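Novice: What follows is each chain in one-letter form.
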Amino acid sequence: MNVEEMRKSHKRLTEFAYQTGTIDRGYNNRTLYINVSTNEIKEKPVSQEMKEKFIGGKGFGLKLMWDAVNDNTKWNDPENTIVVSGGPVCGTTQYPGAGKSLVVSISPATGIVIDSNVGGYFGPYLKFSGFDAMAIQGKAEKDIIIYINGDDGEIVIDEAPDEALDGHVLGEQLTEMYAKDEKDKKNISVITAGSAAKHTYMGLLNFTFYDLRRQVTRLKQAGRGGIGTVFRDKNIKGIVVRYAGTKGNSNKPANFDKVARTGIKLHREIERLDDNLMRIRQVGTANIIEVMSAHDLLPTHNFQYGTHENVVNIHSNVFRDNYLTQGLPDGCWFGCSLACAKAADKFKLKTGPYAGKLVTVDGPEYETAAGVGSNLGIFDPEAILEINFYCDTYAIDTISFGTTTAFVMECFERGIINKDITGGLELKFGNKEAALELLHQMSRGEGFGPIVGKGIRKLKQYFADNHGADYDFLHDIGMEAKGLEYSQYMSKESLAQQGGYTFANKGPQHDEAWLIFMDMVNNQIPTFDDKAEALHYFPMFRTWFGLMGFCKLPWNDIFPESNKYQDEPAKIPEHVQNYVDVYNGVTGFHIDKDELILQSERVYNFQKVFNLRLGGGSRESDIAPYRAVGPVTKEEYLSREDRYNKEMIEKIGMDPSNMTLEERIAATREYRMKQYYKLMDTVYARKGWSDQGVPTIEKLQELGMDFPDVIEVVKRYL
Amino acid sequence: MIKVNNRDQEFIHGMTIQILLEKNEFTFPGLVIKLNGKVIEDHERAQALIKDFDDVKVIHICHGG
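The listed protein sequences derive, respectively, from chains A and B.
With my numbering, the residue at position 680 of the first sequence is 680, and numbering never jumps.
Each position in the second sequence, counted from 1, maps to that position plus 718 in my numbering.
Hints in this document: simulated from the structure, not taken from any laboratory.
Model, not experiment: these values are computed from the prediction.
Among the hints, a few may not be true.
If you only want the chain A side, here are some residues facing chain B, beta carbon under 8 Å, derived [said to hold, decoys possible]: (1) 277; (2) 278; (3) 291; (4) 294; (5) 521; (6) 522; (7) 526; (8) 559; (9) 565; (10) 569; (11) 570.
Built from N, CA and C at the ideal position, the CB exists for glycine as well.
Make a model of the complete structure from these sequences and hints.
Specialist: As structure tokens, this is what we get:
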């Protein structure tokens with residue numbers, strides 16, 4: 001069936017005409033609300049207070065969600081909402097990495113709010129179409145497509161029975177359907193999920209951009225927390241935006257020259273230095289596979305170990321030299337010269353419904369290469385690319401898939417589960433065929449795949465309840481907290497990274513604080529106060545990217561020559577000032593680097609209160625599974641025996657030579673967990689929270705976030 | 719004995735910054751190196767001799783994530 005026939009089968013449910021917007025200094029001052037139960041579409045104004053307190057992006061997402069749900073809303077309730085918002089700088093083309101969207105919803109995995117950032121053109125085009133955010137609520141009766149025509153000021157909702165579900169097919173179909181011609185395809189961006197999203201709790205959203213050179217629709221992912229699952233639960237097949245008028249000043253900055261000057265400085269820096277620094281333009285974020293392995297930090301075999309003899313097979317140069325075909329910088333938004341996006345063209349699939357097809361695979365990013373590669377014991381680059389492709393098109397988060405499958409593989413190897421339970425799949429480490437079949441089962445909604453697709457938290461209970469597994473052991477080795485699977489860094493030897501991961505508001509994702517090197521290698525933050533300061537500053541600084549529509553990579557995956565002379569080189573002070581300048585240049589405001597942190601702190605504390613409101617956010621939820629903190633098993637202890645024995649002598653004050661292995665493991669655990677709890681106490685105090693991790697009323701007043709309904713929530717816990 | 723990132727490390731006669739980096743497997747592409755508080759430029763690493771009791775800082779800029 002061609003797209004014209006598909007279009008003919010659409011049934012129009014509603015139409016909405018609106019006045020196309022005029023952006024002023026990064027804001028349209030209105031948001032878009034769509035209820036897919038009632039087909040109501042309306043505009044909502046953005047107040048000055050909303051801009052001052054919530055800024056945009058994730059801040060707008062949280063604010064709109066807060067107003068949309070109640071204390072008892074679950075992920076699959078109609079009132080759960082999906083909010084997509086860029087932020088005031090989103091759509092800027094002069095400064096690299098300024099095209100990000102933030103997506104916020106209540107997660108099926110965690111039951112609390114999740115936020116996930118994503119590239120592609122949707123966020124900027126939505127904004128140029130007239131809206132600072134889009135909130136989707138309700139549940140459609142049948143599969144629908146929402147189309148936003150930002151050129152003509154028209155929004156329609158159609159029932160759409162015939163289009164595909166899988167992201168790479170649907171992205172192409174909808175791009176072709178809504179573009180006027182081939183040249184117009186670059187003006188289309190589509191949000192899709194995929195066939196596995198409905199069968200799992202780790203469904204992602206694909207955001208497309210059309211690649212003119214390859215003439216294919218590329219996919220970027222809002223991966224974490226199962227927002228794609230919510231999307232499909234609402235029976236949304238796709239959301240399309242079309243905007244044809246993108247120009248260099250479409251974001252209407254208050255001071256264009258200031259933004260442009262700051263951007264040129266960074267463009268030149270990237271051109272001059274990237275090839276000898278992180279090589280982001282050559283290999284993307286995969287450049288750190290070998291770095292992590294060299295420092296024994298690359299998660300291997302379910303985070304048991306930090307390296308493997310076969311890691312060399314998946315080093316970044318292997319992907320660059322053999323698969324990443326473009327040989328040219330490749331960005332996901334106009335004007336990003338850091339250009340981390342990578343693609344393997346004409347990659348021939350070996351398995352699944354598209355076996356034999358030649359496809360374009362986006363990635364692999366580091367998280368994917370580590371998650372579905374080393375952590376599964378799969379050191380085959382083609383298998384990694386194939387899993388990467390199917391995860392994206394089926395709409396499965398590669399991080400959660402990798403970490404969950406690694407957990408299942410360890411359970412299989414330890415005899416906790418067997419082939420009777422897995423439906424015949426021999427889920428041993430390194431079995432790429434089994435991993436792929438698990439993924440295909442998630443798409444088909446049959447077999448063991450959908451059970452695994454519910455994530456580690458559910459699996460622990462399932463194995464204990466149905467197969468007599470020892471829950472406590474599963475809890476020790478199951479790398480999840482708050483219901484979200486850990487991303488791909490070994491935190492065992494870095495107390496600060498354990499906190500950075502596990503205290504994170506949404507669950508253990510690295511986008512709050514990535515402190516392994518500062519802590520473990522550089523030894524820059526040796527005291528608890530040092531670590532707590534870092535666990536205050538970096539989460540706040542990095543939260544700010546999500547308020548803006550900025551990508552994190554141009555902050556510290558490139559840095560100027562002069563950075564080495566700075567007092568605090570880890571903060572990349574010149575780039576922090578760039579961000580202040582770009583924000584001020586766009587909005588006309590006059591913040592400094594301290595106000596930047598304050599902007600984040602307001603939203604960060606609001607998110608923490610939101611978690612409490614939905615029944616999460618407790619101190620207990622900030623406690624890591626022990627594998628994130630130290631060695632659970634004999635094998636893990638013995639793999640780093642010298643390190644652990646040394647710690648026992650120097651830090652714990654015990655002589656390991658007089659102790660059995662079991663005694664040493666127990667003593668190490670007792671010591672490390674005490675350190676962990678002490679870190680929690682210190683970090684909570686630094687953040688202005690109670691010893692239970694609840695923002696105090698005084699703190700909320702200090703931040704100006706003491707709204708009556710916010711105070712009402714924290715009073716329940718103080 | 720020398721200090722590397724505030725941790726004791728054995729002093730080896732004739733060790734340069736470059737040798738120290740290789741010995742410690744510091745392969746990170748973006749390092750800030752200070753020898754007794756003085757920044758060592760990339761082109762100086764092979765000549766910069768480390769003396770006994772020196773204080774070396776090898777700062778990996780926290781990219782990643």
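Novice: Going through the earlier hints one by one, which of them does the structure break, listed in rising order?
Specialist: Per hint list: zero violations.
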